[in-house]
Structures are given as C-alpha cells and as structure tokens.
Amino acid sequence: EAQVTQNPRYLITVTGKKLTVTCSQNMNHEYMSWYRQDPGLGLRQIYYSMNVEVTDKGDVPEGYKVSRKEKRNFPLILESPSPNQTSLYFCASSLRGTSTDTQYFGPGTRLTVL
Amino acid sequence: EDQVTQSPEALRLQEGESSSLNCSYTVSGLRGLFWYRQDPGKGPEFLFTLYSAGEEKEKERLKATLTKKESFLHITAPKPEDSATYLCAVQASNFNKFYFGSGTKLNVKP
Numbered sequence: 031e032a033q034v035t036q037n038p039r040y041l042i043t044v045t046g047k048k049l050t051v052t053c054s055q056n057m058n059h060e061y062m063s064w065y066r067q068d069p070g071l072g073l074r075q076i077y078y079s080m081n082v083e084v085t086d087k088g089d090v091p092e093g094y095k096v097s098r099k100e101k102r103n104f105p106l107i108l109e110s111p112s113p114n115q116t117s118l119y120f121c122a123s124s125l126r127g128t129s130t131d132t133q134y135f136g137p138g139t140r141l142t143v144l
Numbered sequence: 236e237d238q239v240t241q242s243p244e245a246l247r248l249q250e251g252e253s254s255s256l257n258c259s260y261t262v263s264g265l266r267g268l269f270w271y272r273q274d275p276g277k278g279p280e281f282l283f284t285l286y287s288a289g290e291e292k293e294k295e296r297l298k299a300t301l302t303k304k305e306s307f308l309h310i311t312a313p314k315p316e317d318s319a320t321y322l323c324a325v326q327a328s329n330f331n332k333f334y335f336g337s338g339t340k341l342n343v344k345p
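Sequences listed follow chains A and B, in order.
Residue 31 is where the first sequence starts when you use our numbering, and the numbers rise one by one after that.
Residue 236 is where the second sequence starts when you use our numbering, and the numbers rise one by one after that.
It is worth saying that the hints were derived from the structure and are not from the lab.
Glycine is no exception: its CB is placed at the ideal position from the N, C-alpha and C atoms.
One should not assume that every hint holds.
Stated by the list, open to error - Stretch-level coverage of chain B by chain A, calculated; a stretch enters the list once three of its residues show a Cβ under 8 Å from a Cβ in chain A: (1) 250-263; (2) 327-335.
To be verified - Quick list of the computed label-pair ranges, beta carbon to beta carbon: (3) Lys304(B) with Asp89(A): 32 to 40 Å; (4) Asp68(A) with Asn257(B): 18 to 26 Å; (5) Lys277(B) with Thr116(A): 13 to 21 Å; (6) Pro345(B) with Ser112(A): 40 to 48 Å; (7) Lys314(B) with Met57(A): 29 to 37 Å; (8) Asn56(A) with Gly289(B): 36 to 44 Å; (9) Thr50(A) with Glu244(B): 27 to 35 Å; (10) Glu295(B) with Lys47(A): 40 to 48 Å; (11) Lys99(A) with Ser253(B): 47 to 55 Å; (12) Ser318(B) with Met57(A): 25 to 33 Å; (13) Lys292(B) with Val44(A): 43 to 51 Å; (14) Asp68(A) with Gly289(B): 29 to 37 Å; (15) Gln249(B) with Thr116(A): 32 to 40 Å.
Generate the whole structure from the sequences, applying the supplied hints.
Here it is, written out as structure tokens:
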C-alpha cells in the first residue's frame, strides 16, 4: 500500500531535549516536505526536499533541521525544542513537487513541548 | 507576499442544503490551486488541482472553480459524510513551496 508514515504519532517532551520525528514514504517520490498545523494558522511549510541531499527552507524553518540522505526518508530534527513548537506536524511527499503531482500526507505527529 | 485566505471558518448545513466555500489567494504566478479534505485525526487528502481561471473540476457532490483571485468549492446536496475540514493551497511559479489557508470546517447535520 502506497503510504507516508510518521513516528512517533504522539510525543510529549521538555524544553531543550533534542528529538527527531521520522518520515518515510514507499512511493519512490523525489519531493518531500514537512508542515506544522496550528489552529487559525493552517498548514505552514517548514522545510522541503526536491531530492536526496537537496533541501530548502519553507515559511517557518526557525528551530528545525532536516536531512535527506535516502530518497525514502526525511526526518525532522528539533535540536532544542521550545513550547512554541507545540503543534501538529505532517510529512508529505509527491513525485517531483510539481503542480501536476498529488501530494500525499502522513497521519501526523502531535508534539507537546513542556 | 503569497497568501491564502479561506472563508467561512466554519459552516453548518442541513443534509441536502447546497453551499459554497471560498478561497481567496494572492500569489506571484500561480502554478496550481489545490483543494484537500481533512478528517479529524488524519492528514489532508487531495481532492482537486486547478491551473487557470475558468477551469472547473467535479467529484461526486463537489465542484471546484477558479478565477484570477479566488476559488470556490461548491457542495451540492451534501450528506453527513461530507463533514470535514476543507483546505485550499496554492503553489507559486517561482518556488517549490506550498501555501495553505486555515481551512473551512464543514458540519452537515442529518
């Protein structure tokens, strides 16, 4: 089954404790992206990747890091989480990131930073 | 600055009562405008892509239209299973970024 998976689905942590949220897709997609979703603000793009070793900032990259060492994986790293990073995070992928490609979303990771 | 605004924030309809959701956008060169459906506790699910003014697309009770400044998602004779949050997004021509609106939460009562 074609899918985007994220782990963990729920995470409660404390300020400053480094964490990684994993994202994996099995569709051989080149384009992958991370979003955060907050009430009233909608989905905002954090980082995206056009292919292996090619990443770029979205609209809200501060406080986040990403890496794309393999085509299928695109982890999101919070090196020193703060309470304002409490949010619902979604990973997504599409074939090449063009407007003709369907973007598939993962199930989401709900992060709480205390 | 590229941005997307959706209205209303929430909409309550009776089953069978048709209505429209609005998505206004400002973007430097539109590559595509997208509609997604999001159910509680799930990721967004793709519905439509529109590329140019005048374009229309349909899927069951949903019909999406596009002008140079806005898009409408028309829902004809909705059913309770159409209850969800509907998201609009745009992709600009200069970048590979996506900009989303904050969504319209639709509740269809039987």
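Hints versus structure:
no.	hint	verdict
1	250-263	violated (count 0)
2	327-335	holds (count 5)
3	Lys304(B) with Asp89(A): 32 to 40 Å	violated, 21 Å
4	Asp68(A) with Asn257(B): 18 to 26 Å	holds, 21 Å
5	Lys277(B) with Thr116(A): 13 to 21 Å	holds, 20 Å
6	Pro345(B) with Ser112(A): 40 to 48 Å	holds, 44 Å
7	Lys314(B) with Met57(A): 29 to 37 Å	holds, 31 Å
8	Asn56(A) with Gly289(B): 36 to 44 Å	holds, 37 Å
9	Thr50(A) with Glu244(B): 27 to 35 Å	holds, 34 Å
10	Glu295(B) with Lys47(A): 40 to 48 Å	holds, 46 Å
11	Lys99(A) with Ser253(B): 47 to 55 Å	holds, 50 Å
12	Ser318(B) with Met57(A): 25 to 33 Å	holds, 29 Å
13	Lys292(B) with Val44(A): 43 to 51 Å	holds, 47 Å
14	Asp68(A) with Gly289(B): 29 to 37 Å	holds, 34 Å
15	Gln249(B) with Thr116(A): 32 to 40 Å	holds, 36 Å
The structure fails to meet hints 1 and 3 from the earlier list, while all remaining hints are met.
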